[in-house]
Amino acid sequence: MEALDDLFWAYQDLFYSLGVNAILALSMYAVVALGQLSLGQAAFMGIGAYIGAVATVKLGLPFVVALSAAMAAPAVVAALIGVPTLRLTGVYLAIATIGLGEVLRILYLNSDYLGGALGFSGIPHKADGWIIYGLLALILLAFLLITRSRVGRACEAIREDEDAAKVMGINVTGYKMTALILSAALAGLGGALNAHFSSFISPGEFGFENAVTILSYAVLGGVASPLGPVLGAFLLTALPELLRSLHGLRGVVNGLIIVLVMIFLPKGLLGRRVRRTL
Amino acid sequence: MSAKLLEVQSISRSFGALRAVDEVSFAVEPGQVHAVIGPNGAGKTTLFNIISGLVPPTSGQVQFAGQTITTLPCYRRAQIGISRTFQNIRIFPEMSVLENVMTGMTPWLRAPLIGVLLRLPAARREEHDAINRAMALLDKVGLAAQAAARAADLAYGDQRRLEIARALAARPSLLLLDEPAAGMNPTETIGLSVLLQGLRGGGLSILLVEHDMAFVMGLSDQVTVLNFGRVIADGRPAAIRHDALVIEAYLGHKVAARLAAEAGS
Numbered sequence: 000m001e002a003l004d005d006l007f008w009a010y011q012d013l014f015y016s017l018g019v020n021a022i023l024a025l026s027m028y029a030v031v032a033l034g035q036l037s038l039g040q041a042a043f044m045g046i047g048a049y050i051g052a053v054a055t056v057k058l059g060l061p062f063v064v065a066l067s068a069a070m071a072a073p074a075v076v077a078a079l080i081g082v083p084t085l086r087l088t089g090v091y092l093a094i095a096t097i098g099l100g101e102v103l104r105i106l107y108l109n110s111d112y113l114g115g116a117l118g119f120s121g122i123p124h125k126a127d128g129w130i131i132y133g134l135l136a137l138i139l140l141a142f143l144l145i146t147r148s149r150v151g152r153a154c155e156a157i158r159e160d161e162d163a164a165k166v167m168g169i170n171v172t173g174y175k176m177t178a179l180i181l182s183a184a185l186a187g188l189g190g191a192l193n194a195h196f197s198s199f200i201s202p203g204e205f206g207f208e209n210a211v212t213i214l215s216y217a218v219l220g221g222v223a224s225p226l227g228p229v230l231g232a233f234l235l236t237a238l239p240e241l242l243r244s245l246h247g248l249r250g251v252v253n254g255l256i257i258v259l260v261m262i263f264l265p266k267g268l269l270g271r272r273v274r275r276t277l
Numbered sequence: 000m001s002a003k004l005l006e007v008q009s010i011s012r013s014f015g016a017l018r019a020v021d022e023v024s025f026a027v028e029p030g031q032v033h034a035v036i037g038p039n040g041a042g043k044t045t046l047f048n049i050i051s052g053l054v055p056p057t058s059g060q061v062q063f064a065g066q067t068i069t070t071l072p073c074y075r076r077a078q079i080g081i082s083r084t085f086q087n088i089r090i091f092p093e094m095s096v097l098e099n100v101m102t103g104m105t106p107w108l109r110a111p112l113i114g115v116l117l118r119l120p121a122a123r124r125e126e127h128d129a130i131n132r133a134m135a136l137l138d139k140v141g142l143a144a145q146a147a148a149r150a151a152d153l154a155y156g157d158q159r160r161l162e163i164a165r166a167l168a169a170r171p172s173l174l175l176l177d178e179p180a181a182g183m184n185p186t187e188t189i190g191l192s193v194l195l196q197g198l199r200g201g202g203l204s205i206l207l208v209e210h211d212m213a214f215v216m217g218l219s220d221q222v223t224v225l226n227f228g229r230v231i232a233d234g235r236p237a238a239i240r241h242d243a244l245v246i247e248a249y250l251g252h253k254v255a256a257r258l259a260a261e262a263g264s
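Just so you know, the sequences run in chain order A and B.
Using numbering that gives the first Met the number 0, you'd call the opening residue of the first sequence number 0 and step up by one each time.
Using numbering that gives the first Met the number 0, you'd call the opening residue of the second sequence number 0 and step up by one each time.
Chain B on its own, in the form it takes in the complex:
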């Protein structure tokens, strides 16, 4: 049995003639922040959709905590500890902020339906606990004051943090964050970085897609670089920063060649 939390093994996904994800393999260690970076259209979001179970892979395997989950339904993956956010925020807009977080607790609310219907003590206690835990999570992301607000009325950065709180409500061991810093101002981004470091300190593993390089390099333990659906580099942030293929993927081969020439001279 390997010590990896998540292992993606030769995952491919085609949409018609397009190979969005092409033989991608990498692993996430427990308690680490692992970033997946790459230019737009590199296949990052498709990869996330495969890991969270929204899209089945064309081929390949996904292992989580020693279990093969390639064909496991999406909601079951949430129950065994994989939670995520979306690139284009997908909170439940008409619900209150608090209800959004409580919805994230679905895998943990177990009171039988009859008890829920008749408001039996056990079900009431469970609901009460859920409210308390949801409030604690909102407090953690700094949204406790807005608990009763309609989720759609929150500011953009607050909606992102709400989505993270909702994902955390499922008590995941692996949190997938799809561009969590997108649209945030520098102060909010620093706040997010501090929050994620705290979560890692608590033992949570985080797999994130992000375009903000300062954010990625400052936070990540491991970085995987995708381009045109393929892994072109995988390693520590310091190594990735100087990888010739990565520079070429981001800046084009002409700039990369000039940079290489300057470095050589």
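Just chain A, same shape as in the assembly:
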């Protein structure tokens, strides 16, 4: 029993990271399910992390309020970005969200209130396994139920052929906007949860590199089902730990796995979708 406890303490952060990264992967899924590409998940996550930390540390607000604010703030930012970019097709959303990430990173770096380059420390441990995995289960269930409904069909129609979806009476811009806002809220939630188990956040955590990592969860797992990104997040979070003995080669092996999946399973690990068979 003691050995088990030790094991848990040693890998506690990994255990929490698996759950939070799965939530972040689902936040990515919300946009890629509509064929959109956002590289702003890390930025939205950062907003949630800083807002959440400010709420609990500086303002002494309850954790529930902190989490709510951490979801609402990135949602508002997403709405502001969405209005000019979602009417355009292609990579405009991706470019705008990369820009957002950079702007915010510089903002955090230069804000003494947020700890600047030294980071924001002393965030209380409020997020435990129950909260993280409870929220993950709830979000995953909601996604699974939505996927198998008229809303899921509309999202898939948009992903497969935007113009055809429009002439079928689907409000494509409205759907994209809702998805982006939802996605930002979930990323913000992930960020706040992350801040409240790691106790420390710094501007570097929410840059372009992390945005690509979150995207790769969805790419590796596949977007045919919300289970794909969750699987992708689990694998890409656990692998670096399991491959720790390889030291410098870890990144290489990690990259190799993604390349191999892209070559042999271009639709991701869970690329085969379940079709309605009556």
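Keep in mind the hints are simulated off the structure, nothing from the lab.
Owing to the predicted nature of the structure, the values given are computational and were not obtained by experimental measurement.
Treat the hints with care, since some could be wrong.
Below, in silico cross-link-like pairs of lysine to aspartate or glutamate (DMTMM-like), each with a Cα-Cα straight-line distance of 25 Å or less [what the hints assert, rightly or not]:
1. Lys-3/B <-> Asp-233/B
2. Lys-253/B <-> Asp-211/B
3. Lys-266/A <-> Asp-152/B
4. Lys-266/A <-> Glu-93/B
5. Lys-3/B <-> Glu-28/B
6. Lys-139/B <-> Glu-93/B
Quick list of the computed label-pair ranges, beta carbon to beta carbon [as the list claims (entries may be wrong)]:
7. Asp-162/A <-> Thr-67/B: 32 to 40 Å
8. Thr-70/B <-> Ala-136/A: 43 to 51 Å
9. Val-82/A <-> Met-212/B: 42 to 50 Å
10. Leu-259/A <-> Arg-75/B: 42 to 50 Å
11. Gln-11/A <-> Ile-79/B: 54 to 62 Å
12. Phe-199/A <-> Gln-66/B: 53 to 61 Å
13. Gly-270/A <-> Gln-31/B: 42 to 50 Å
14. Gly-200/B <-> Leu-259/A: 53 to 61 Å
15. Leu-140/A <-> Gln-78/B: 28 to 36 Å
16. Ile-189/B <-> Leu-259/A: 50 to 58 Å
17. Leu-71/B <-> Leu-259/A: 46 to 54 Å
18. Ile-94/A <-> Thr-67/B: 30 to 38 Å
If you want the ones that stay clear, here's a sample from chain A, every Cβ over 10 Å from chain B, calculated [as the list claims (entries may be wrong)]:
19. Val-75
20. Val-82
21. Val-171
22. Ile-180
23. Pro-239
24. His-246
25. Val-252
We treat Cβ as the ideally placed atom computed from N, Cα and C, and that holds for glycine.
On the provided structure of chain A, position chain B as indicated by the hints.
Just chain B, lined up with the frame of chain A:
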């Protein structure tokens, strides 16, 4: 208030220096099959894109059921009764055949999101009804046996019929068909003609672009001929068939002149 279902009034659309559609006007009567014909590049597909709302016109007005819809978003037009198919089939390839048709019902599925999420009785009933109606439509176009198949796996002619079933799922009062018989064999074309006649019999108005002249002439109540973006003739099929401008547009002025000379002698 006019009795026309669709009225296109002086519609123009330019792409750079090219006037793809140039001051085109015509009207579709309720319950009629109206064909738009013309050589390749005459502007037929652009016209369809303007009517369905995918492309805004540079100038002119579109009226539908007494309402000006020129600036109405595409998805709203589907909700008020305009549905269409595409020249290069655009079904949703990874969905099942049944799901494709059910996607066409989007304007009619109204169960609130919370009910959909919690699978409340009203939402389940609506989904169940949608499946039944989709199956009935598939039966109508002869695809009921393939309901569970992946749409991309269907044969070409079947994909065309699936696209028509999906368009009908929106319960349109005006159906736009962009070259529905393209790539079909003669038997399939006859089947399509019978299907469309049945739909017209049920009160549906159909506006179609088609190159198969036997198909157009046999089915249409009214024909509008476009050439270089302009209307060069508009009338009953019998009149269009002998219109000098139409013959010239299709066969060139030399052949047209020879035919005219032969007819005169």
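Can you name, in rising order, the numbers of the hints this structure does not satisfy? Checked against the structure, the hints that fail are numbers 7, 21, while the rest are satisfied.
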